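Peer 1: Go ahead and model the full structure; you've got the sequences and the hints to work with.
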Amino acid sequence: MTDTRWHDRALWFVRQKRDSAAKSLPEWEALRRSASQIKAHTMAHLADYLELFEKNATQNGIHVHWAADATEHNRIIADILQSRQVKNVVKSKSMLTEECGLNPYLNTKGIEVVDTDLGERIVQLRHEAPSHIVLPAIHLKKEEVGSLFEQELGTLPGNSDPTYLTHAARKHLREHFLSADAAITGVNFAVAEEGLFVVCTNEGNADLGTAITNLHIASMGIEKIIPSLEHLGIFTRLLARSATGQPITTYTSHFKRPKEGGELHIVIVDNGRSAILGQTDTAQALHCIRCGACMNTCPTYRRSGGHSYGYVIPGPIGSTLGASRNLEHFGKAVYKCTLCASCTNICPARIDLHHQLYAWRKTYVERGYLSPKKKRLYGIGSWMLRTPVRTRILFGISKWALKLLPRSILYSRFNVWGRTRELPSFAPKSFAQLYKEHIHEPK
Amino acid sequence: MSRNKILAAIRNHTASMQVAPLPDRLEIYESQKPDLHTSATQFAKAVQAAGGECIDLSHSSGTISGSKISNVEDYFNGHTPEILHAHFAVIENGACWIDHHCTDDRTRYTLPEHLAIFVPNNTLVPTMHEAYAHIQALGIEDFGLFLSGPSKTADIEQSLVLGAQGAMVTKVFLI
Amino acid sequence: MPKPRVALFVPCYINTLFPHVAMATMKLLEHFGYEVHYPDAQTCCGQPFANSGAHGDAQPLAEHFVETFRGYDYIVAPSASCVGMVRNHYKPYVGSHPDYRHIQSTVYEICEFLHDVVKPHSFGTSFPHTVTLHQSCHGLRELELGVSSELALPFYSKVLHLLEKVDDITLLPMERADECCGFGGMFSIHEPEISTRMGKDKLDYAEATQAEYLAGFDSSCLMHLEGIARRENRTVKMVHVAEIFAGTLQ
Numbered sequence: 003m004t005d006t007r008w009h010d011r012a013l014w015f016v017r018q019k020r021d022s023a024a025k026s027l028p029e030w031e032a033l034r035r036s037a038s039q040i041k042a043h044t045m046a047h048l049a050d051y052l053e054l055f056e057k058n059a060t061q062n063g064i065h066v067h068w069a070a071d072a073t074e075h076n077r078i079i080a081d082i083l084q085s086r087q088v089k090n091v092v093k094s095k096s097m098l099t100e101e102c103g104l105n106p107y108l109n110t111k112g113i114e115v116v117d118t119d120l121g122e123r124i125v126q127l128r129h130e131a132p133s134h135i136v137l138p139a140i141h142l143k144k145e146e147v148g149s150l151f152e153q154e155l156g157t158l159p160g161n162s163d164p165t166y167l168t169h170a171a172r173k174h175l176r177e178h179f180l181s182a183d184a185a186i187t188g189v190n191f192a193v194a195e196e197g198l199f200v201v202c203t204n205e206g207n208a209d210l211g212t213a214i215t216n217l218h219i220a221s222m223g224i225e226k227i228i229p230s231l232e233h234l235g236i237f238t239r240l241l242a243r244s245a246t247g248q249p250i251t252t253y254t255s256h257f258k259r260p261k262e263g264g265e266l267h268i269v270i271v272d273n274g275r276s277a278i279l280g281q282t283d284t285a286q287a288l289h290c291i292r293c294g295a296c297m298n299t300c301p302t303y304r305r306s307g308g309h310s311y312g313y314v315i316p317g318p319i320g321s322t323l324g325a326s327r328n329l330e331h332f333g334k335a336v337y338k339c340t341l342c343a344s345c346t347n348i349c350p351a352r353i354d355l356h357h358q359l360y361a362w363r364k365t366y367v368e369r370g371y372l373s374p375k376k377k378r379l380y381g382i383g384s385w386m387l388r389t390p391v392r393t394r395i396l397f398g399i400s401k402w403a404l405k406l407l408p409r410s411i412l413y414s415r416f417n418v419w420g421r422t423r424e425l426p427s428f429a430p431k432s433f434a435q436l437y438k439e440h441i442h443e444p445k
Numbered sequence: 563m564s565r566n567k568i569l570a571a572i573r574n575h576t577a578s579m580q581v582a583p584l585p586d587r588l589e590i591y592e593s594q595k596p597d598l599h600t601s602a603t604q605f606a607k608a609v610q611a612a613g614g615e616c617i618d619l620s621h622s623s624g625t626i627s628g629s630k631i632s633n634v635e636d637y638f639n640g641h642t643p644e645i646l647h648a649h650f651a652v653i654e655n656g657a658c659w660i661d662h663h664c665t666d667d668r669t670r671y672t673l674p675e676h677l678a679i680f681v682p683n684n685t686l687v688p689t690m691h692e693a694y695a696h697i698q699a700l701g702i703e704d705f706g707l708f709l710s711g712p713s714k715t716a717d718i719e720q721s722l723v724l725g726a727q728g729a730m731v732t733k734v735f736l737i
Numbered sequence: 183m184p185k186p187r188v189a190l191f192v193p194c195y196i197n198t199l200f201p202h203v204a205m206a207t208m209k210l211l212e213h214f215g216y217e218v219h220y221p222d223a224q225t226c227c228g229q230p231f232a233n234s235g236a237h238g239d240a241q242p243l244a245e246h247f248v249e250t251f252r253g254y255d256y257i258v259a260p261s262a263s264c265v266g267m268v269r270n271h272y273k274p275y276v277g278s279h280p281d282y283r284h285i286q287s288t289v290y291e292i293c294e295f296l297h298d299v300v301k302p303h304s305f306g307t308s309f310p311h312t313v314t315l316h317q318s319c320h321g322l323r324e325l326e327l328g329v330s331s332e333l334a335l336p337f338y339s340k341v342l343h344l345l346e347k348v349d350d351i352t353l354l355p356m357e358r359a360d361e362c363c364g365f366g367g368m369f370s371i372h373e374p375e376i377s378t379r380m381g382k383d384k385l386d387y388a389e390a391t392q393a394e395y396l397a398g399f400d401s402s403c404l405m406h407l408e409g410i411a412r413r414e415n416r417t418v419k420m421v422h423v424a425e426i427f428a429g430t431l432q
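Chains as they are written, first to last, in my numbering: chain G, 3 to 445; chain H, 563 to 737; chain B, 183 to 432.
For the record, the hints were derived by calculation from the structure and aren't laboratory data.
Here the structure is a predicted model, which is why all the values come from computation and not from measurement.
Glycine is no exception: its CB is placed at the ideal position from the N, C-alpha and C atoms.
Any given hint might turn out to be false.
What the hints assert, rightly or not - One side of the interface only, derived from the structure: several residues of chain G facing chain H at Cβ under 7 angstroms: (1) SER36; (2) GLN39; (3) HIS43; (4) ALA49; (5) ALA139; (6) ASN204; (7) GLU205; (8) GLY206; (9) ALA213; (10) THR238; (11) GLY247; (12) PRO249; (13) SER255; (14) LYS258; (15) SER276; (16) LEU279.
Peer 2: Structure, rendered in structure tokens:
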């Protein structure tokens, strides 16, 4: 992503909208505390709540399926679709289905999947992954969307007006909706006591798809459970404000029973989540309500973009979740962070995000994933700094190197700092020396 | 069987977790009782912020009879809107609660370009806390949704566009 | 009544690169009536190693710290991140050491020490310049030197509160005052492009205020910003707030 400045400004704007919305509620911090408590309680009793949800949902006529991992999730959904001869599916936003790689799997079974969220459709047409969990195409400028639509949708060349392009997409997606046989959605919240689940969108694509077709399959991570209806009051007040600065999403849809003549399925997915429950330092990552605020506030994410993180979910929450999934493969992302703690302060569920990244770094080193070069460097540094004499030697050597080495050597390509910054200068006397002179000064 | 495997794995990990209590009841949130004089105005502001428009017909007579507004097309530049009856609406966010009592056909609030939502004036509640208490009392049959303004997106360079997939024009009538 | 004994905790890089900041801190403490000691056995708090996950390398440094700094009424440092390390992250290393509890409850960053313990009415110093303040992350969010902009709470800043007591100073607010400057310790070397980008943006926001000085309470941030500013020949000058309070800026 070359224009990081523009990306940074765009996401800072979203952060500011979130700030206005949050600060308009005197009870905002109390809501965050409640959300955190509800999630902690629910996780501690997760199995009971999942069983309660299953019981109530089943009573409501919802088919409840359980998938231990991504493969099983994909297989279950494919089986449901194939047994009903479904060829065309419309899907609303679900990071879980991204995580499981559902689309490519269904394609191998001859089932076409159209992602109907505008941002998701854009990245789908570009054959790339979303770069943000709420704003999938935030890394693209309107001109890029314009030329994509010119190619794929036949829009007017050179026209990059967002309204024109959005309405062109509306027409294009309507055709897919009307010819779809089934709709797949994600789940924002699943209410155990009611056996119902909630899907939040601004576009209404989840509602369109499920209204038009008679087969609705919802994908849900085990952590999406909340105990009762009243808790939705807290979460719906936090979610959209945190995500985009709106007091609520346009559509907040509660699915309880299948339509007349329709089928409603829900696939409850583990795929590594139960393992996270067992990770004392990082279990709170399961409290995430997928608002994306941590990405918007992260100064590193804003200047590098979602594709640079290497995991299906980017930013602070993505880094800790990716580390949970596979530390060796995805763990480098936990270093892509200054530990500034802005994410921890913004998270509506009060997840201790930066503490989790700090904790993962410890595990990363313990498991031996640190490069041998870094390991040696830290070992030497630590050894030298263990005694005052060696510390003085270390800084003494550095001081004379800085003084004596010519600039061409000092600022060679090995000096990473020096690529863009001047090195600091050593003071003629250290504080230790000045202090000695000070205490011997006549008063 | 995966179900049992998953539940066993969860129980294995949560066995040693601290027993965390649920937070105290929601009375801690000081939601003011809606002032009938200002609640309609606040609600209208919220609907507008959500890209819609709110028309307060609660004090006018003659234009409303039963479930009809006699000249509703006038509000939609001549287009005939789909009419939906909401149970109640929420002041803080302009959202209207629509459920199976209103319609069994969910395409009615998703396909049409123009939506007219009727909300009884004396049913406005301040926040989602009161809204869900109300829904708990009403019960949900097979579905229910909060609808706030027209369909929208800002997915292209953060420019807000109304009418992304669903309704392009949504007007709420307080009756 | 004997004067309280304060141990000056001078981070290794301040000792050699920015001794004037430590001098200012010492002068402040003496001015307010403390008996200042400098335990010269001190080396490094271990933060760079801990932040990299190399806790085995941080362990001996934490042990050495506790041995060096035991037995004082207070420990004061002109560095929020180092104090944060000792206060919030030392438990795994030295939690069971008999002296740790006292150290944990008496280690202070200089601004929080002035604000919470000394509570001066004035500094008796003048700084007739325009200043904009960078709110360093560790101090702001870990030590709660103020209310960070993410929180829906009334704004407060201990450091601004203190700066307002300096005569003749003009404080100018900066956009994104509490956004990270990009140093982040080893981050500055491992992600140099992003680190530099963040530093440049911080300097741009500072320059937009037209303040003569960009003040901070963490020399690591200032070192990184100064490195960029000097390379780019920017005119804004970096200063540690301790030097403003102490009136020792040359």
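Peer 1: Regarding the hint that THR238(G) lies at the interface with chain H, is the smallest CB-CB distance below 7 angstroms?
Peer 2: 5 angstroms, holds
Peer 1: Grab the minimum C-beta distance from GLN39(G) to chain H and call the hint holds if it beats 7 angstroms, violated otherwise.
Peer 2: 4 angstroms, holds
Peer 1: Holds or violated: is there a CB of chain H closer than 7 angstroms to the CB of LEU279(G)?
Peer 2: 4 angstroms, holds
Peer 1: Quick check on SER276(G) please, does its C-beta sit within 7 angstroms of some C-beta on chain H?
Peer 2: 4 angstroms, holds
Peer 1: Min Cβ distance, SER255(G) to chain H: is it shorter than 7 angstroms?
Peer 2: For SER255(G), the interface hint holds, since the closest Cβ of chain H sits about 4 angstroms away, which is under 7 angstroms.
Peer 1: Tell me if the interface restraint on GLU205(G) is satisfied: Cβ within less than 7 angstroms of some Cβ in chain H.
Peer 2: 4 angstroms, holds
Peer 1: Would you settle whether the hint for ALA139(G) is holds or violated, based on the nearest Cβ-Cβ distance to chain H being less than 7 angstroms?
Peer 2: 5 angstroms, holds
Peer 1: Closer than 7 angstroms between Cβ atoms is the bar; does ALA213(G) clear it against chain H? Give me holds or violated.
Peer 2: 4 angstroms, holds
Peer 1: Quick check on the hint: SER36(G) CB to chain H CB, less than 7 angstroms?
Peer 2: SER36(G) check passes; min Cβ-Cβ to chain H is 4 angstroms, inside 7 angstroms.
Peer 1: Against chain H, run the beta carbon of ASN204(G) and see if the smallest gap drops under 7 angstroms.
Peer 2: Given a least distance of 5 angstroms, the restraint on ASN204(G) holds.
Peer 1: Regarding the hint that GLY247(G) lies at the interface with chain H, is the smallest CB-CB distance below 7 angstroms?
Peer 2: 10 angstroms, violated
Peer 1: Holds or violated: the hint that GLY206(G) contacts chain H, with Cβ atoms closer than 7 angstroms.
Peer 2: With a minimum Cβ separation of about 3 angstroms from chain H (threshold 7 angstroms), the hint on GLY206(G) holds.
Violation of the numbered hints given earlier is confined to hint 11; every other hint is satisfied by the structure.
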